[in-house]
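Build the full structure now, drawing on both the sequences and the hints.
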Amino acid sequence: MSNLALKNQVEYTLTVTSGPDKGETFKIMSSTIKIGRASTNDIVLAKDVKCSRNHAEIIISHSGIIIKSLNSKNLVEVDGKPGEALLLNHNAKIRLGSTKLLFQISMLIKDEETRALSATMNEAFDPQEKGLGFSRPQQIHKGNKLPLPQGKTNNFRMILIGIGIILIMFALTNEEVGFNKDAGIRTDEEIEKEIDTINKIREAERKLREKKGLQSPNFKEAQTHYIRGFRYYKKGKYERFLYSFQACTSIFPEHELCKTYKKLAEKKYYELIQFQMIRGKKLLEKGQYSACISVFKNVTYMVKDKSNKVFQEAEANLSLCKSRMEGRF
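Per this note's numbering, the sequence shown starts with residue 1, numbered consecutively.
In case anyone wonders, no lab produced these hints; they're calculated from the structure.
Remember, it's a predicted structure, so these values are computed and weren't measured experimentally.
We treat Cβ as the ideally placed atom computed from N, Cα and C, and that holds for glycine.
Any given hint might turn out to be false.
Said to hold, decoys possible - So the derived label-pair ranges between C-beta atoms look like this:
#1 Lys22 with Lys81: 21 to 27 Å
#2 Ile198 with Ile105: 41 to 47 Å
#3 Tyr270 with Leu320: 19 to 25 Å
#4 Lys286 with Lys234: 21 to 27 Å
#5 Glu192 with Ile105: 28 to 34 Å
#6 Pro20 with Ser250: 51 to 57 Å
#7 Arg202 with Ile227: 24 to 30 Å
#8 Tyr301 with Lys27: 22 to 28 Å
#9 Asn199 with Thr17: 57 to 63 Å
#10 Lys286 with Ser39: 22 to 28 Å
#11 Lys81 with Arg53: 19 to 25 Å
#12 Ser294 with Gly236: 17 to 23 Å
#13 Lys93 with Glu239: 21 to 27 Å
#14 Lys306 with Lys27: 43 to 49 Å
What the hints assert, rightly or not - Think about it this way: if two alpha-carbon atoms lie no more than 25 Å apart in a straight line, the pair counts; the simulated PhoX-like pairs of lysine-lysine are:
#15 Lys322 with Lys286
#16 Lys27 with Lys93
#17 Lys100 with Lys27
Dropping the structure here:
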């Protein structure tokens with residue numbers, strides 16, 4: 001297993017939901033893990049005879065989480081779709097052989113943060129620390145004295161609780177009065193002046209929004225594309241993600257968020273194209289010409305611009321794949 005440790009604020013887990021190892025849960029503790037029947041894998045599924053010895057590899061990087069099939073004849077499935085390299089999102093359903101796994105991402109709270117929160121809560125509700133004049137009830141040790149009757153004990157507790165509530169209310173009232181003692185009482189004229197000032201500020205902000213075009217139909221339409229594009233981004237659909245933000249900036253060029261996410265979309269889309277190019281070349285080296293043709297054809301569709309160098313490279317590789325498939329060199 002790789003020694004590269006993952007950030008401890010995020011936890012990645014795989015839970016077996018179906019198969020010979022049903023109920024097993026595996027934590028992903030490194031940026032790269034391998035899954036299969038062989039004992040050399042990080043996650044061993046030895047009981048699953050339909051699983052390959054080296055079946056899949058999960059890679060966690062800044063650009064996303066990918067699961068790769070290590071056996072082209074026994075592909076991994078994610079959410080019912082087989083593939084050689086597939087993106088993993090939260091609650092993704094993975095199938096390897098006859099084993100089904102649920103991939104989950106969860107946020108962790110460090111023990112130090114939990115202890116700090118607990119200490120803060122204790123301090124906030126400690127009457128002695130707040131100076132309210134009484135401390136927590138002391139533990140009553142067993143002795144020779146007989147305990148008070150149950151009825152008297154309950155009455156005594158109720159009296160203590162009542163006194164505590166009165167003292168807390170008194171302390172809070174004193175703090176509130178102390179905080180506002182210099183505030184003074186405003187006249188009706190001063191209140192009306194304050195209301196008038198607020199209305200002027202609100203009107204000025206409305207005019208500023210109109211000046212920027214934030215009330216225009218174009219902005220509302222652009223905002224629709226922005227929201228749609230952000231949803232596509234969360235689902236990993238980068239082509240649609242890019243299209244939505246291109247439409248947003250085309251309709252309303254001053255939309256700052258659309259401009260920012262458009263740049264991010266272009267970067268992600270370019271990374272996806274590069275990934276497909278690398279995949280196509282590996283398929284060509286392995287002699288899998290049919291799959292090679294499909295990948296490079298998809299790249300030309302994604303790039304579209306024939307003058308683009310990546311398009312030209314993909315087209316050249318596509319021709320080579322076709323030639324080798326026909327000649328079977």
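Exercise. What are the numbers of the hints the structure violates, in ascending order?
Worked result: Violated: hints 4, 5 and 8.
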